[in-house]
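Number of protein chains: 2
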Amino acid sequence: MKIVIVGLGLIGGSIAKALRQNTSHQVLGMDQNQDSLLDACSCGAIHGKAGSEDLKSADLVYLCVYPEAALEFAANFGPLLKENCILTDTCGIKSALCAGIEALRGTGKYVFVPGHPMAGKERSGFSASDPSIFVGASYIIAESGGPAWAAEQVETLALAMGFGKIVRTTPQRHDQMIAFTSQVPHVLACAYVLSPQCQAHQGFSAGSYRDVSRVADINDALWTRLFLDNQEALVKELDELVGNLSHFRNLISAGKTAELQSLLHQAGESKRRNG
Amino acid sequence: MKIVIVGLGLIGGSIAKALRQNTSHQVLGMDQNQDSLLDACSCGAIHGKAGSEDLKSADLVYLCVYPEAALEFAANFGPLLKENCILTDTCGIKSALCAGIEALRGTGKYVFVPGHPMAGKERSGFSASDPSIFVGASYIIAESGGPAWAAEQVETLALAMGFGKIVRTTPQRHDQMIAFTSQVPHVLACAYVLSPQCQAHQGFSAGSYRDVSRVADINDALWTRLFLDNQEALVKELDELVGNLSHFRNLISAGKTAELQSLLHQAGESKRRNG
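Quick note, the sequences are listed as chains A and B, same order.
For the first sequence, this note's numbering begins at 58 and goes up steadily by one.
For the second sequence, this note's numbering begins at 58 and goes up steadily by one.
Fair warning: there could be bad hints in the mix.
Remember, identical chains collapse to one label, so a pair may be satisfied in a single copy or spanning two.
Calculated pairs, EDC-like style, for lysine to aspartate or glutamate (alpha carbon to alpha carbon, straight line, at most 16 Å) [said to hold, decoys possible]:
1. Lys313 with Glu289
2. Lys113 with Glu140
3. Lys178 with Asp274
4. Lys313 with Asp277
By construction, these hints were calculated from the structure, which means they are not laboratory data.
Given only the sequences and the hints, what does the whole structure look like? Please build it.
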């Protein structure tokens, strides 16, 4: 297959490297940043740069860019893609993106498979890319009515890249779950480090501080978009969390020993049961 | 020196092992659990069990038990300790404990040095003890008017155990900082896993879920006590966090793109500046 990766940042760069290491497909890259393209070429992460002729003959295109840029790509280049070319993305939100891509389809004959590799790290850019972040992680495919063979192709490639688990779900369910598992922790980390005490934590902190604050060094432009594109589900989960925190706060403030211990016990049970 | 460790759980067991590995002091243990005592003896973590005669001649006693049990020890055995015996603890709260120990001093001639080794892990008990958790961590000494030589002695032992940094502070300041660095993350982890979505997180979660929920498998009896003994500082920090979370929630709900991105940027700056 001829595979084009659009956006050679942390995720796109890692996908390129993983495909080159584990498959014999032709892997080409596109990026507005010429340095990323050069770095990717020189380390062998891609066979070369993709031009518009390559897009016309591509079998599969990975969109590894912000949601807005993914929509822009669909608008500008979607009509170039050949019939049954698989267009797949790696964005952290799905419902708004799927609706946007469908709205922009026009004369495009491609098949869209919404994907979300559940892997990342605090740093971004091609220099941070590393295919080992995928090993054992889960790859979500948010089925939105496309043909089964296309989703299966994306799945096969994900397994070849080292992903340990494929999760099939709907765009709506994806966004609900991601609000809880990923977006809330990012909002939380940011809310946490805004405490005035944060300035003086050194010497008083250990693993708990480190873990909660880890993702606070956030890519603010990207996450603003992701949060707003998942407004409803995220606000619901934030309300759930604030409600639970306030419940703890009130039990602590009122000195309700038995109720507090019972609620902590319930939380411990949830963690032990759900992992 | 003759050193007695009261409570051979995760922390007491780790202190015993660290002292045996790195010093030539005599290390004796006390524990209500006979199995912990036997395990500690048989693996060489202690030279033997401490009886009341040993308490009378001890040079230093580590209280590695819950705050209530530490106060009980001071009430029952404080008067046995010889003049200038150093009594030090490892409890996660300081103001209430220091006041309690002073109130119970009676005829006790010992010197009290409030201490807090900033290390731990999710599991508890002697079987989880491991002196490597101390390596490079910080050891807080909450000075409360005792003589300088006693705090220095505790400091020397902490450095011998492998701690990387000694922090001198007051009991009040300790409790304020711990509310932020340790207690809030524990409340948070528990509040987080109480979301109904938690049951279905598998396949949708990665590092962010794991990090925020890590300490939710909590020792509910211990932390109920620690939270209530630090009520004022903890409620203040929880209010700070809930305020910041609600601010994010409202910006997301109202779709305030620029303000949201600016607040995320501010959080990122705080994390980069403060580590």
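Which hints from the list above does the structure break, by number from lowest to highest? none
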